[in-house]
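Q: Heads up: the sequence lines are chains B and U, in that order. So the first sequence is numbered by full-length UniProt numbering: it starts at 1 and just counts up by one. So the second sequence is numbered by full-length UniProt numbering: it starts at 1 and just counts up by one.
A couple of the hints might just be wrong.
[Stated by the list, open to error] With a Cα cut of at most 25 Å, we get these calculated BS3-like pairs of lysine-lysine:
| # | chain 1 | residue 1 | chain 2 | residue 2 |
| --- | --- | --- | --- | --- |
| 1 | U | 39 | U | 10 |
| 2 | B | 14 | U | 17 |
| 3 | U | 17 | U | 148 |
| 4 | B | 109 | U | 148 |
| 5 | U | 146 | B | 2 |
| 6 | B | 18 | U | 10 |
| 7 | B | 347 | B | 107 |
| 8 | B | 296 | B | 325 |
| 9 | U | 255 | U | 142 |
| 10 | U | 262 | U | 292 |
| 11 | B | 267 | B | 211 |
| 12 | B | 107 | U | 148 |
| 13 | U | 17 | U | 146 |
| 14 | B | 155 | B | 338 |
| 15 | B | 325 | B | 338 |
| 16 | U | 10 | U | 142 |
| 17 | B | 82 | B | 296 |
| 18 | B | 82 | U | 148 |
| 19 | U | 17 | B | 2 |
| 20 | B | 296 | B | 267 |
| 21 | B | 337 | B | 347 |
| 22 | U | 146 | B | 109 |
[Unchecked claim] With the C-beta cut set under 8 Å, the calculated list includes, among others, these residues of chain B facing chain U:
| # | residue |
| --- | --- |
| 23 | 4 |
| 24 | 13 |
| 25 | 46 |
| 26 | 47 |
| 27 | 50 |
| 28 | 54 |
| 29 | 231 |
| 30 | 375 |
By construction, these hints were calculated from the structure, which means they are not laboratory data. All residues carry an ideal CB built from backbone N, CA and C; glycine is no exception.
Listed below, chain by chain, are the residues.
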Amino acid sequence: MKFIDEYRQQDVAKHIAKKIAAAVNPERSYHIMEFCGGHTHAIFRYGVQDLMPANVQYIHGPGCPVCVLPMGRIDMAIQLMKTEDVILCTYADMMRVPASGQESLLKLKAAGGDVRMVYSTQDALNIARNNPQRQVVFFAIGFETTTPPTAVAIKQAQAQNIENFSVFCNHVLTPAAMTGLLESPEVAQGDQVQIDGFLGPSHVSSIIGSKPYEFVPQTYGKPVVIAGFEPLDVMQATLMVINQINQNRAEVENEYSRVVTPEGNRKACALVDEVMTLRDSFEWRGLGFIANSALKIRPEFSQFDAEQRFACLRDSAYVIASDHKACECPSILRGVKKPTDCSLFGKACTPENPMGSCMVSSEGACAAYWSYGRFRDTHSTEVNCA
Amino acid sequence: MTAANRFPGKLNLRTGKVDMSHGSGGRASAQLIEQLFVKHLDNPLLAQGNDGTVFPSPGEQLVMSTDSHVISPLFFPGGNIGSLAVHGTVNDLAMSGARPLYLSAGFILEEGFPLADLNTIVASMAQAATAAGVQIITGDTKVVEKGKGDGVFINTAGVGVVDSRRQISGERAQAGDVVIVSGSMGDHGVAIMSSRENLEFETTIESDSAALNGLIADMLATEADIHCLRDPTRGGLATTLNELAQQSGVGIKLKEQAIPIKPAVHAACELLGLDPLYVANEGKLICICPAKQAQQLLAVMRQHPLGSDAAIIGEVIEDPHHFVQMETAFGGNRIVDWLAGEQLPRIC
Chain B
1 MKFIDEYRQQ DVAKHIAKKI AAAVNPERSY HIMEFCGGHT HAIFRYGVQD
51 LMPANVQYIH GPGCPVCVLP MGRIDMAIQL MKTEDVILCT YADMMRVPAS
101 GQESLLKLKA AGGDVRMVYS TQDALNIARN NPQRQVVFFA IGFETTTPPT
151 AVAIKQAQAQ NIENFSVFCN HVLTPAAMTG LLESPEVAQG DQVQIDGFLG
201 PSHVSSIIGS KPYEFVPQTY GKPVVIAGFE PLDVMQATLM VINQINQNRA
251 EVENEYSRVV TPEGNRKACA LVDEVMTLRD SFEWRGLGFI ANSALKIRPE
301 FSQFDAEQRF ACLRDSAYVI ASDHKACECP SILRGVKKPT DCSLFGKACT
351 PENPMGSCMV SSEGACAAYW SYGRFRDTHS TEVNCA
Chain U
1 MTAANRFPGK LNLRTGKVDM SHGSGGRASA QLIEQLFVKH LDNPLLAQGN
51 DGTVFPSPGE QLVMSTDSHV ISPLFFPGGN IGSLAVHGTV NDLAMSGARP
101 LYLSAGFILE EGFPLADLNT IVASMAQAAT AAGVQIITGD TKVVEKGKGD
151 GVFINTAGVG VVDSRRQISG ERAQAGDVVI VSGSMGDHGV AIMSSRENLE
201 FETTIESDSA ALNGLIADML ATEADIHCLR DPTRGGLATT LNELAQQSGV
251 GIKLKEQAIP IKPAVHAACE LLGLDPLYVA NEGKLICICP AKQAQQLLAV
301 MRQHPLGSDA AIIGEVIEDP HHFVQMETAF GGNRIVDWLA GEQLPRIC
């Protein structure tokens, strides 16, 4: 497959692995946080860790849109379904995320709730067009990558007067999450989690560019290398982070230059800016409330804002929901703990029966670790597989 | 009395629709059976026309299997629910080394379903049964109210005979065996997804839906000691191998590069965020056999049209955890786990 296979070649991987092995200083360790779930998924799916020296460790970051959405927001969507006759459209992974009281949208659907899995905002708009007598709410989640299509849908709904369509906006901002993470006590004090550098967001950066991360090296002295989601991207970017660390440099570099520019996609950013504006504060799972870290729909488009249409979705109705008390998702999202540090991992919590959001999405650290990597903790690797 | 005067007029197979009377057991039911089902499926055993069909005992060990089909959409590139319902049960029988002989067919029809579509589906069933060398010898039809079905559901059950010396079973895989697949993985699932509402995309991929009893007969003729045969349907290769590893109490080690996957299937999966190892097949089999007999079996499989892309994709190893592991094409290792829930597309 052109433009894909080139970035998955074993011989190139071995070549970069050799370079990394030669570059690392055996006297020290390298703790590199891959920010996005897409990176985490690639690392586990392709076995990238197997090609790394033992002193290069990946710390899985919070960049999984499903994982960081707090349970309180899902509770709101469930409350909406229970009190109003609406069709709720959402991306697939959201269906299985546990809400309070062991509920989920999937369970709600099984009980008769009209929840539709969509691939794009256009599908949701079509559902609204085809069901003019019913309220259709799009449960919008995700980082900057998924925000422009939501903005497009709102503009289309306005232009075509699709009055029964509205958006429950939960879009969040990546740079704010990085600040939240770097300011969290465990990371800031460095006593519980050491981060030497970041593999920076891939698809998100195609929208916002590489400039918004400048504060990370400037304020926190940590290197950032924007990395694509293919395994060779991850390896090459890892080498670039290691080189920066070795040279005592801290800059934003761009490995994913075939897609990401310093300025990003200005048209998409302008569109988002036209339709949405900053929320004062938004709760993140694992990172708590972070100021100016999420978007809401501007008053000019309030006609399509589900929060304006349904009282149960307003900020005033928000209730902070606590995760299962043994669930370590919050610590895992900050890189403080590994999936295997959680007492529920692989026992009460599996992809079939997730207790926390990190076990739901294939981009979640727990799901990736469980689905692709758990053989590393057993004796089975000692079996001669030749 | 002839058919012409037993029923008031002829069943309208052009614009007619299924209605509740077709499932009532009355005259409309009889007309549907005679002018649609029997028209296509006619054979001397079915023609007995009784509640149960009497058939001669083949005098060997019998194998029985059943499979219900609830697919959406009903028509897809390379087949429809009718051909699929025949292939599904024929293959389930054949996977125990049996020669499939007879099928039953139970239809649950939704009120309002076009008779023209039903006619096409039953014609496909007849064609698939003839090609597979089996007869549909008994059937049943029920009609549910509009909104309580999804057009048509079909259950088929089948009976076959198996040589009592054969011991093909999911618990027989042992360390040192090799894993063979009969061809490319994921074709059926991608063909289905390409024609699903909201997901329509253009692809040249057709479903691989096919009866595998002919291929298996050739494999059995080699007298190789085949330990396991299974068709990787729902959940795909990954899930089926996990079932076998669990059942046999072994581990399996795959080589990603050896697994045949068509570029178009790969591309579609890439686009949809799916893993082809978890995508369904309806005309492929997994064979586990001793390493020393693998090449002979592979050669025979490759001579059959349904096994021309057969390949050895891995081996059975000792592993107390019963993991299916894979050496990735990239050069790393990973687990190939059970499918969790439905395979859902990723968000970004």
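Q: Next step is simple, just say for each hint if it's right about the structure.
A: Results of checking the hints against the structure:
no.: 1; hint: U:39 - U:10; in the structure: holds, 13 Å
no.: 2; hint: B:14 - U:17; in the structure: violated, 63 Å
no.: 3; hint: U:17 - U:148; in the structure: holds, 16 Å
no.: 4; hint: B:109 - U:148; in the structure: holds, 16 Å
no.: 5; hint: U:146 - B:2; in the structure: violated, 47 Å
no.: 6; hint: B:18 - U:10; in the structure: violated, 77 Å
no.: 7; hint: B:347 - B:107; in the structure: holds, 21 Å
no.: 8; hint: B:296 - B:325; in the structure: violated, 30 Å
no.: 9; hint: U:255 - U:142; in the structure: violated, 47 Å
no.: 10; hint: U:262 - U:292; in the structure: violated, 28 Å
no.: 11; hint: B:267 - B:211; in the structure: holds, 16 Å
no.: 12; hint: B:107 - U:148; in the structure: holds, 20 Å
no.: 13; hint: U:17 - U:146; in the structure: holds, 11 Å
no.: 14; hint: B:155 - B:338; in the structure: violated, 42 Å
no.: 15; hint: B:325 - B:338; in the structure: holds, 17 Å
no.: 16; hint: U:10 - U:142; in the structure: holds, 20 Å
no.: 17; hint: B:82 - B:296; in the structure: holds, 23 Å
no.: 18; hint: B:82 - U:148; in the structure: holds, 23 Å
no.: 19; hint: U:17 - B:2; in the structure: violated, 48 Å
no.: 20; hint: B:296 - B:267; in the structure: holds, 19 Å
no.: 21; hint: B:337 - B:347; in the structure: holds, 17 Å
no.: 22; hint: U:146 - B:109; in the structure: holds, 20 Å
no.: 23; hint: 4; in the structure: holds, 6 Å
no.: 24; hint: 13; in the structure: holds, 5 Å
no.: 25; hint: 46; in the structure: holds, 4 Å
no.: 26; hint: 47; in the structure: holds, 2 Å
no.: 27; hint: 50; in the structure: holds, 4 Å
no.: 28; hint: 54; in the structure: violated, 15 Å
no.: 29; hint: 231; in the structure: holds, 5 Å
no.: 30; hint: 375; in the structure: holds, 5 Å
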